[in-house]
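Quick note on numbering: numbering that gives the first Met the number 0 labels position 40 of the sequence shown as 39, and the sequence is numbered without any gaps.
There are no misleading hints in this set.
Restricting the straight-line Cα-Cα distance to at most 25 Å, the calculated cross-link-like pairs of lysine to any residue (SDA-like) are:
(1) K52 to G17
(2) K11 to K52
(3) K68 to P99
(4) K6 to N20
(5) K52 to I95
(6) K41 to W21
(7) K41 to K76
(8) K52 to K68
(9) K52 to T23
FRET-style restraints, in silico, Cβ to Cβ:
(10) R63 to S127: 25 to 31 Å
(11) D60 to K11: 26 to 32 Å
(12) P99 to T18: 27 to 33 Å
(13) S73 to D45: 28 to 34 Å
(14) Q80 to D60: 32 to 38 Å
(15) P99 to N20: 25 to 31 Å
(16) S73 to W21: 14 to 20 Å
(17) F128 to N20: 37 to 43 Å
(18) D112 to S4: 29 to 35 Å
(19) E118 to R63: 26 to 32 Å
(20) G61 to T98: 15 to 21 Å
(21) D45 to G72: 35 to 41 Å
(22) D71 to N7: 25 to 31 Å
(23) K11 to H32: 26 to 32 Å
It is worth saying that the hints were derived from the structure and are not from the lab.
For every residue, glycine included, the Cβ atom is placed at its ideal position computed from N, Cα and C.
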Amino acid sequence: MASSSLKNLLNKVQCAQGTGNWTTGDAVVLENHMTDFLLVGKCICDTVPVQLKYKIEHSPDGVRWSPVKNEDGSEIKFTCQSTTSGAATQTCAIQIIDTPLLPYVRGICGEADVSDPCECTLDLHYTSFK
Numbered sequence: 000m001a002s003s004s005l006k007n008l009l010n011k012v013q014c015a016q017g018t019g020n021w022t023t024g025d026a027v028v029l030e031n032h033m034t035d036f037l038l039v040g041k042c043i044c045d046t047v048p049v050q051l052k053y054k055i056e057h058s059p060d061g062v063r064w065s066p067v068k069n070e071d072g073s074e075i076k077f078t079c080q081s082t083t084s085g086a087a088t089q090t091c092a093i094q095i096i097d098t099p100l101l102p103y104v105r106g107i108c109g110e111a112d113v114s115d116p117c118e119c120t121l122d123l124h125y126t127s128f129k
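Sequences and hints are given; from them, build the entire structure.
Next comes the structure, spelled out in structure tokens:
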């Protein structure tokens, strides 16, 4: 029987500001019964508009990391743009992952263009056949 669930890759982190600056989350272990992956980025910001980027890396051993790439060879990364400020969580980006993942993954966010920090989350949704 299949069920849906999620792994939290970034949990209420402050994404690094400025070009080339990134905040990297801890490694998360995936199990072999997980499939159909979807990334969902969310942020809460006091200042708007906000633009920041999310990406994901994977590793065979939790040591050697590489960007996750789509089947077409492009790196999986997306820009999150929010125009509403305040305490409401903004789901600002969703990205389908159409390629297999290695056993370890981690989320990365950064290149934020705001002066006040945002509280950001990146979740990896998946289907489980257990």
